[in-house]
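Let's have the full structure, built from the sequences with the hints guiding it.
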Amino acid sequence: MFIKNTWYVACALTELEALGDKPLGRTICNEQMAIFKGPDGKVAAVEDFCPHRGAPLSLGKVCKGHLQCGYHGLEMGVDGKTVQMPGQRVRGFPAIKAFAVVERYGFVWVWPGDQAKADVAQMPVFEFFDNPAWAYGGGLYHVQADYRLMIDNLMDLTHETYVHANSIGQPEIDETPCETKVEGDQVILQRHMEGIQAPPFWQMAMSANGLDPQAKVDRWQICRFTPPSHIMIDVGVALAGKGGFDAAPEHKAYSVVVDFITPETETSHWYHWGMARQFKPHDTDLTDKIRAGQGGIFNEDMEMLQLQQVNINKWPDRKLLMLNIDSGGVQSRRIIDRLLAEEHTPEVTA
Amino acid sequence: MFIKNTWYVACALTELEALGDKPLGRTICNEQMAIFKGPDGKVAAVEDFCPHRGAPLSLGKVCKGHLQCGYHGLEMGVDGKTVQMPGQRVRGFPAIKAFAVVERYGFVWVWPGDQAKADVAQMPVFEFFDNPAWAYGGGLYHVQADYRLMIDNLMDLTHETYVHANSIGQPEIDETPCETKVEGDQVILQRHMEGIQAPPFWQMAMSANGLDPQAKVDRWQICRFTPPSHIMIDVGVALAGKGGFDAAPEHKAYSVVVDFITPETETSHWYHWGMARQFKPHDTDLTDKIRAGQGGIFNEDMEMLQLQQVNINKWPDRKLLMLNIDSGGVQSRRIIDRLLAEEHTPEVTA
Amino acid sequence: MFIKNTWYVACALTELEALGDKPLGRTICNEQMAIFKGPDGKVAAVEDFCPHRGAPLSLGKVCKGHLQCGYHGLEMGVDGKTVQMPGQRVRGFPAIKAFAVVERYGFVWVWPGDQAKADVAQMPVFEFFDNPAWAYGGGLYHVQADYRLMIDNLMDLTHETYVHANSIGQPEIDETPCETKVEGDQVILQRHMEGIQAPPFWQMAMSANGLDPQAKVDRWQICRFTPPSHIMIDVGVALAGKGGFDAAPEHKAYSVVVDFITPETETSHWYHWGMARQFKPHDTDLTDKIRAGQGGIFNEDMEMLQLQQVNINKWPDRKLLMLNIDSGGVQSRRIIDRLLAEEHTPEVTA
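Which chain is which? The protein sequence lines are A, B and C, in order.
Counting in UniProt numbering, the first sequence runs from 1 upward without gaps.
Counting in UniProt numbering, the second sequence runs from 1 upward without gaps.
Counting in UniProt numbering, the third sequence runs from 1 upward without gaps.
Any given hint could turn out to be false.
Treat identical chains as interchangeable: a pair holds within one or across any two.
As the list claims (entries may be wrong) - Simulated crosslink set (DSBU-like; lysine-lysine; CA at most 35 Å straight-line): (1) K42 with K314; (2) K289 with K42; (3) K242 with K181; (4) K22 with K319; (5) K314 with K117; (6) K319 with K97; (7) K4 with K314; (8) K289 with K22; (9) K97 with K117; (10) K319 with K4; (11) K81 with K319; (12) K37 with K319; (13) K81 with K42; (14) K4 with K81; (15) K22 with K314; (16) K97 with K4; (17) K22 with K216; (18) K314 with K61; (19) K61 with K181; (20) K81 with K314.
If you are wondering where the hints come from, they were derived from the structure by calculation, not from laboratory data.
So this is what it looks like as structure tokens:
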């Protein structure tokens, strides 16, 4: 069960554009979709099922904004209604589901649930996208694990010490207590480490930002979960004693780890990850270097999460521990559970 | 459920012969068979299960017409009875099923159902095999889809416009209405297109047959379904106005697409495809060229059918449309359903 | 269902040591284990499930004899109790199962069942390991088949004639009756062939041992099954008329085929195979040559057993024959069934 009356990242716009006149087939919250650009150039998403003979529409191609089935040429419109088909009157053809779509921040966002409730006003807002003072680079992983395991992973960064020992991990993460608070539907978990040596990834960022990579630093991690499954993590280092997170820009290297976690099925998800940074935003080589580094680091989590899922499948009744370090994931899951319950509560009208 | 009291193509004789002294293991209508040449050189088929310890007999080899199990040397006869086994008295060994076999037209045909009803007189008759005025070339595909999806495919050639756009497809197929009729157990669907440009495949055939490939032509497609799942399609082009299908041989390029569709399981089948042609029957280079072309074209259907099957599996309750263009498949399925019902009706004896 | 209150080979010590500071994950009788060297250098085995978040402990590493989870650093002790975890009090953490382990004969042995009953005195005893008069070489195969199919295979060597026709098989095996006897929990099946030509593998061994490979020989096979699933096979050839199995060492080439068959799941097992020999024990090149030969021969059984398993899965209700040649397997299975029943009989206390 997923929260479905909400916006999820379906794909990056670049993914869709790389396909030319082909649509993109993707499953979001168990809904199979064919995503394509309609007659006005706007992205649309419809069920990936041709009403004629059940062929996947995603095998077809886009002709003047209609999605032409690759089997017998039925042309599907952005609203899920058949536009035309050679030699046929199509008015009586059954419609397929069309999904509300928003293009924003370089991504295609879809609303997989009740279309009557799709509400653009509920789109999350991010200051760093489409902002010339910031740069963004990222990628996509397809992960064979419950999307909530990825939330757990990102809302407890003590795993960095073990999973990412050679890049961003360091013992001080384990040694420094974290603080978790819930504000409405948001969970915020933070950890501030003072007067430490920067780990390799941050030494690289310090050098890129003109700072001495060997200098002692204050390091912070502020994880922010918002439903359904977006996690933004303020991460950075400032020269020790300059104010940490609040230090002046010239004393720090600072960025936001961006995680859009989109459920595919109960045991798989699409993980759109990236990093937004405020320093050297025009240095595209640096963007590429960070993307490569981050991609490598995040790839280290894949095996762990996927085999954790295998283990949980084998021992479904075994209770897991919920320690203080797990509070970020625990609180996030509580919010998900509450919203799920609300979504499935019958509405009462006066 | 399959019509089982009937003849299916199990394999091409060349497939079996290519294996030397090894048998061929194949599943037909859920019946696992080991096919081999018996003591008289005639092809036989028995269950692929050694009565000794359950090893697949198809892993063994043929010794003087007996199928010797590759595990402990039990020798199976063409009648499903054990002939001998080192150091054993085999008379009490349980027999395995033996399937009636006919070798004809270059194929091995089997009767997977009630062996008491196997009747050579029910073998279909084809004029173009073993006929020096004709040439034949073909191949085999293993398709992960219900065999009836292949029947639908072949009994509605409007898909050529989309799936085979670069070879035999052309818009005129969509634009020209087809006519479907049922004659006993046979379904005939035909389409005649007049005064059109030949598509690439037929231009090649026209050149091969000494005709100007750029000339306007009359083109025909006459699909004939006969149970359980054989489809012969008269296809060809004649110079425009020369009589179409009935034109004199020197004005046309004409052939028969041969489709023997053999169910393997509920969601997979063996597709023996080929082309029989009346022109230049002794030109073996042309046979090879046509086979390569046809193989490439038919391969374009594989992905579509297999993913259509995946989609149907996911939405098993969703009704598909039955348009006029689908009438060939619809009528063919009706005949299959009627014969299936007949096969499962208890016989009444006076 | 497996006999679980007994010792199985979990792995070769060399397998574990090749992993350095990494543990070895392995499933034995459906029990998933992480195997590692504890603080005293002794091998330990615990459930492969971190009590914190369910990650496989086998993805972690060994730190000073504790198994550190690769996700968040929990350190597991050899007794299944958490030793420590950064920033946590671990006393209340749920314990996981720890398995009794014995290191002997170059292997790690585990007791997958009731740990209260684990009894080192029940370890099998082999004279040829750790004995300078003998040499041993072997390997490991992972087989997708019920472990009892491997017992059947090894307790009926008539299959050698068919499966291993080019190495150790010869028609005389089939032609010579075997004798089976049961002594307590042991099944002994023997076959003595006199005045025959040695097959290729034994010709090689004769040459290695300074005997004329073309000389007529007496050949023996004495298979000894002991529960749960160990099979030792005395195999060899002696110059004809010199006493066969009892001939003086200079007239024979003689060894013991060692088979430790460890169930993984109901339809898969770990097959530790090897050969112990009394001739030229210090010739490591010969050890390698025999290992390569034996590995190749035993690999010929893999396809047969795995496809036999597939066939048995398809026809689960079909009875298999139990011929005289099968008596070794039949008697071995009877002992397994009896011990299984005993293991599942409630104990009565006075």
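Hints, verified against the model:
1. In this homomeric assembly, K42 and K314 come within 35 Å of each other (Cα to Cα) only across copies, at 29 Å, whereas the closest approach inside a single copy is 44 Å.
2. For a Cα distance limit of 35 Å, the shortest separation of K289 from K42 inside one copy, 32 Å, qualifies, whereas the shortest one across copies, 45 Å, does not.
3. For the identical chains of this complex, K242 and K181 are intra-copy neighbours only, at 25 Å inside a copy versus 85 Å across copies, given an alpha-carbon limit of 35 Å.
4. Taking the shortest alpha-carbon separations for K22 and K319, only the inter-copy value of 26 Å comes in at or below 35 Å, while the best intra-copy value is 45 Å.
5. In this homomeric assembly, K314 and K117 come within 35 Å of each other (Cα to Cα) only across copies, at 26 Å, whereas the closest approach inside a single copy is 38 Å.
6. Taking identical chains as interchangeable, the C-alpha atoms of K319 and K97 lie at most 35 Å apart only when they sit on different chains, with a minimum of 15 Å there against 39 Å within one chain.
7. In this assembly of identical chains, K4 and K314 lie within 35 Å of each other by CA distance both inside one copy and across copies; the values are 28 Å within and 19 Å between.
8. Within a single copy, K289 and K22 get their C-alpha atoms as close as 30 Å, and across copies as close as 31 Å, so both meet the 35 Å cut-off.
9. Taking identical chains as interchangeable, the C-alpha atoms of K97 and K117 lie at most 35 Å apart only when both belong to the same chain, with a minimum of 14 Å there against 50 Å between chains.
10. Proximity of K319 to K4 under the C-alpha cut-off of 35 Å is found in both arrangements, the shortest distances being 27 Å within a copy and 25 Å between copies.
11. In the homo-oligomer, the alpha carbons of K81 and K319 lie at most 35 Å apart only across protomers (16 Å), although the nearest pairing inside one protomer, at 47 Å, exceeds that limit.
12. When the C-alpha separation of K37 and K319 is checked against a cutoff of 35 Å, the pair qualifies only between copies, where the shortest distance is 27 Å, while the shortest distance within a copy is 46 Å.
13. Only within a single protomer do K81 and K42 lie at most 35 Å apart by alpha-carbon distance; the minimum there is 17 Å, versus 58 Å between protomers.
14. In this homomeric assembly, K4 and K81 come within 35 Å of each other (Cα to Cα) only inside a single copy, at 22 Å, whereas the closest approach across copies is 41 Å.
15. For a Cα distance limit of 35 Å, the shortest separation of K22 from K314 across copies, 23 Å, qualifies, whereas the shortest one inside one copy, 39 Å, does not.
16. Taking the shortest alpha-carbon separations for K97 and K4, only the intra-copy value of 14 Å comes in at or below 35 Å, while the best inter-copy value is 40 Å.
17. For the identical chains of this complex, K22 and K216 are inter-copy neighbours only, at 33 Å across copies versus 51 Å inside a copy, given an alpha-carbon limit of 35 Å.
18. For the homomeric pair K314 and K61, the shortest alpha-carbon distance between copies (22 Å) is at most 35 Å, but the shortest distance inside one copy (42 Å) is not.
19. In the homo-oligomer, the alpha carbons of K61 and K181 lie at most 35 Å apart only across protomers (33 Å), although the nearest pairing inside one protomer, at 48 Å, exceeds that limit.
20. Taking CA atoms no more than 35 Å apart as the test, K81 paired with K314 passes between copies only; the shortest distance there is 21 Å, against 43 Å inside one copy.
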